[in-house]
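Q: Chain by chain, the residues:
Number of protein chains: 2
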Amino acid sequence: MSVTAAAGFRASGVTAGLKPSGKPDVALVVNDGPRRDAAAVFTSNRCKANPVLWSERTIADGKLDAVVLNSGGANCYNGPEGFQTTHASAELVAELIGGGAFDVGVCSTGLIGQPLDRPLLEAGIRAAHQALSDDGGPDAATAIMTTDTKPKQAVSGGAGWSVGGMAKGAGMLAPGLATMLVVITTDAVATSGALDAALRQATRTTFDRLDTDGCMSTNDTVFLLASGSSGVEPSAEELAAAVKAVCADLTQQLWTDAEGAHHDIEIAVAGAASEDDAVSVGRAIARSNLFKAAVFGNDPNWGRVLAAIGTTDAVFEPQHIDVAINGVQVCRAGGTKAGDPADTVDMSPRHARVEVDLGAGASSATLLTSDLTHDYVHENSAYST
Amino acid sequence: MSVTAAAGFRASGVTAGLKPSGKPDVALVVNDGPRRDAAAVFTSNRCKANPVLWSERTIADGKLDAVVLNSGGANCYNGPEGFQTTHASAELVAELIGGGAFDVGVCSTGLIGQPLDRPLLEAGIRAAHQALSDDGGPDAATAIMTTDTKPKQAVSGGAGWSVGGMAKGAGMLAPGLATMLVVITTDAVATSGALDAALRQATRTTFDRLDTDGCMSTNDTVFLLASGSSGVEPSAEELAAAVKAVCADLTQQLWTDAEGAHHDIEIAVAGAASEDDAVSVGRAIARSNLFKAAVFGNDPNWGRVLAAIGTTDAVFEPQHIDVAINGVQVCRAGGTKAGDPADTVDMSPRHARVEVDLGAGASSATLLTSDLTHDYVHENSAYST
Numbered sequence: 001m002s003v004t005a006a007a008g009f010r011a012s013g014v015t016a017g018l019k020p021s022g023k024p025d026v027a028l029v030v031n032d033g034p035r036r037d038a039a040a041v042f043t044s045n046r047c048k049a050n051p052v053l054w055s056e057r058t059i060a061d062g063k064l065d066a067v068v069l070n071s072g073g074a075n076c077y078n079g080p081e082g083f084q085t086t087h088a089s090a091e092l093v094a095e096l097i098g099g100g101a102f103d104v105g106v107c108s109t110g111l112i113g114q115p116l117d118r119p120l121l122e123a124g125i126r127a128a129h130q131a132l133s134d135d136g137g138p139d140a141a142t143a144i145m146t147t148d149t150k151p152k153q154a155v156s157g158g159a160g161w162s163v164g165g166m167a168k169g170a171g172m173l174a175p176g177l178a179t180m181l182v183v184i185t186t187d188a189v190a191t192s193g194a195l196d197a198a199l200r201q202a203t204r205t206t207f208d209r210l211d212t213d214g215c216m217s218t219n220d221t222v223f224l225l226a227s228g229s230s231g232v233e234p235s236a237e238e239l240a241a242a243v244k245a246v247c248a249d250l251t252q253q254l255w256t257d258a259e260g261a262h263h264d265i266e267i268a269v270a271g272a273a274s275e276d277d278a279v280s281v282g283r284a285i286a287r288s289n290l291f292k293a294a295v296f297g298n299d300p301n302w303g304r305v306l307a308a309i310g311t312t313d314a315v316f317e318p319q320h321i322d323v324a325i326n327g328v329q330v331c332r333a334g335g336t337k338a339g340d341p342a343d344t345v346d347m348s349p350r351h352a353r354v355e356v357d358l359g360a361g362a363s364s365a366t367l368l369t370s371d372l373t374h375d376y377v378h379e380n381s382a383y384s385t
Numbered sequence: 001m002s003v004t005a006a007a008g009f010r011a012s013g014v015t016a017g018l019k020p021s022g023k024p025d026v027a028l029v030v031n032d033g034p035r036r037d038a039a040a041v042f043t044s045n046r047c048k049a050n051p052v053l054w055s056e057r058t059i060a061d062g063k064l065d066a067v068v069l070n071s072g073g074a075n076c077y078n079g080p081e082g083f084q085t086t087h088a089s090a091e092l093v094a095e096l097i098g099g100g101a102f103d104v105g106v107c108s109t110g111l112i113g114q115p116l117d118r119p120l121l122e123a124g125i126r127a128a129h130q131a132l133s134d135d136g137g138p139d140a141a142t143a144i145m146t147t148d149t150k151p152k153q154a155v156s157g158g159a160g161w162s163v164g165g166m167a168k169g170a171g172m173l174a175p176g177l178a179t180m181l182v183v184i185t186t187d188a189v190a191t192s193g194a195l196d197a198a199l200r201q202a203t204r205t206t207f208d209r210l211d212t213d214g215c216m217s218t219n220d221t222v223f224l225l226a227s228g229s230s231g232v233e234p235s236a237e238e239l240a241a242a243v244k245a246v247c248a249d250l251t252q253q254l255w256t257d258a259e260g261a262h263h264d265i266e267i268a269v270a271g272a273a274s275e276d277d278a279v280s281v282g283r284a285i286a287r288s289n290l291f292k293a294a295v296f297g298n299d300p301n302w303g304r305v306l307a308a309i310g311t312t313d314a315v316f317e318p319q320h321i322d323v324a325i326n327g328v329q330v331c332r333a334g335g336t337k338a339g340d341p342a343d344t345v346d347m348s349p350r351h352a353r354v355e356v357d358l359g360a361g362a363s364s365a366t367l368l369t370s371d372l373t374h375d376y377v378h379e380n381s382a383y384s385t
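Protein chains in written order, with our numbering: chain Y, 1 to 385; chain S, 1 to 385.
Simulated from the structure, these hints should not be mistaken for lab results.
One thing to keep in mind: the hints can contain errors.
[Claimed, not checked] Below, computed lysine-lysine pairings styled on DSS-like, alpha-carbon distance capped at 30 Å: (1) Lys19(Y) <-> Lys337(S); (2) Lys337(Y) <-> Lys19(S); (3) Lys337(Y) <-> Lys150(Y); (4) Lys19(S) <-> Lys150(S); (5) Lys150(Y) <-> Lys19(Y); (6) Lys150(S) <-> Lys337(S).
Make a model of the complete structure from these sequences and hints.
A: Here you go:
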């Protein structure tokens, strides 16, 4: 399962004591080769955490031996000490597995602006190294959780080769480029260029279409590591499809575990003049607090959908827009033709589907979001995260 | 008070029965002259309500005899009937006061996508015409309320001349150009060009700096009407200052009555390379649900402030950003220098002030927003508005 589904990888998850809860908080993923090709995408937030600044450098040569991850602290905006802690943790992993620090990726998640306890982290890394195993994927997936209610793991692949991944994320989910913390491994033979292409193609239409609360993280990172131990070199299309399958599966798991959500809202925009238009319309709806609160109240308030669409610069004429909610065509031609009665919409299922047809072209995109609930407000006001 | 503070205006507010609550819902403001110069700004939402589509035409010649306003229905996205209702209401007002329909501005507010009851509205307009009086401003300000808890009125002016105004708005407050429903009157002598310049200058730094929930309305309208009955022609600067004073006062009232808010949050951005940069940084913070929920929880979570700033394309270097919350310098130089302890910040007052210094220039701007609370979610999920 998870990052150890593919051959050539060992992983572990241990409790270092970084989290006050005493839950597991340090994970390690090691690539035993024979190859060590890698790719990554990072948050497009310009305020980047120390591990992102570090990992951007380590991935530059397309090689990685390992990734070390911690929850219990974002290691972001805590001064020069914070970067030194990231550097020291990479050095320690390199020393333990035999390699160079610049081949160790680092990820952190938790509260921004707090120091990360270096002695605790280093002791945790040593323990994680001791605990490495061929079936340590689930432990690693558990150790990176923050407000997640469950570990997130996915597997795909082809004949004789596999792709596996793990993710964490439940809030601050509005990736601009990458998202959250994700490590994906494969035993396929693939160059870092092929991995990079497959990863960017996959994240563009999976993680990047998830926007649960409009808030972009400082720590988002997605790593893709290839051991080549299967000896199989899939085509670019095969690799891209398998990586995308894992990303899509993890995206679904992130979506349905979003903080405080009572509805998982799927926003399918069609009839757009371009895919960019479809995404911007979908994102505007996904970021409308008023629409999201209405869905929480089981109110198919399509007026708030139109109000959100109107804030975009997508190509459309208001009188051509159709909106359906959970299969009921509540708005036809921007209200110029009679819609079906909104009170026939059944909003009780957790899954809600909004279909928008802009009537302006043939492009489409689907965005995923959550409703705005009392539980969301509670989770993000009662606790510092 | 309000729109009848200036000489040459009569106003009224009556109950037509458009609101299920039985509260006043139709207001009429009439300019008795001798001059009838006018200006207006409207929502930049591309999905515009029928009264906005109508009023954009009527203001084109810079003249208005009257404005009729209703709450209890936005008259938006309800088909050709909706526009005909707007047209019919302008025709009726013109007939009653003796003039042309194209000199009557129309504003509506309430639920989008529902028909507006024309017979009820027309009976209300006749009653409002009967009720017109020189001191009807407060009644008019009351009749345009929706989820507002109090009527909003303001007065300014100079020697021998006055400016008065009324506003309504408590949710869907993120004006892109104008905002909410606002009618401002003056007895100054001023051309429509002078009024337009004064109004755009004023709204740019008052209503346009208010963003309580990131949601832009389909109906936002600000009218400015001048009767010239004082005989005084103030300078462009004097007129601009008085109009801005009224807009700023009404903005404060809108801000502090925002739906469900427990904190009125002032975000003062300084050290920006341009005013546009300062506004975009302020707006990004104002739209961060995570930061707004933290403020509700009395948590001065400056990490969420930095995460929001990082999503903008403003000129800055992360390691130069200072953040103070309620006077405590919680973040210095992007965390590279020690900040003062966050637990010394007193978040208990309703007014919260966030000061951001980008260290990138000499421009500044202040944005106004609200916290994200259970009451906000309740108001926008339990009721259709």
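Q: Look at each hint and say if it fits the structure.
A: Consistency of the hints with the structure:
A hinted pair counts as satisfied when its Cα atoms are at most 30 Å apart, and Lys19(Y) with Lys337(S) qualifies at roughly 25 Å. Distance hint between Lys337(Y) and Lys19(S) is fulfilled; the C-alpha atoms sit about 25 Å from each other, no more than 30 Å. With a C-alpha separation of about 45 Å, the suggested pairing of Lys337(Y) with Lys150(Y) is violated against the 30 Å cut-off. A distance of roughly 16 Å separates the Cα atoms of Lys19(S) and Lys150(S); the hinted pair therefore holds under the 30 Å criterion.
Pair hint Lys150(Y) plus Lys19(Y) holds up; C-alpha atoms about 16 Å apart against a cutoff of 30 Å. The suggested pairing of Lys150(S) with Lys337(S) is violated, with an alpha-carbon distance near 45 Å, which exceeds 30 Å.
Checked against the numbered hints listed earlier, the structure breaks hints 3, 6; every other hint is satisfied.
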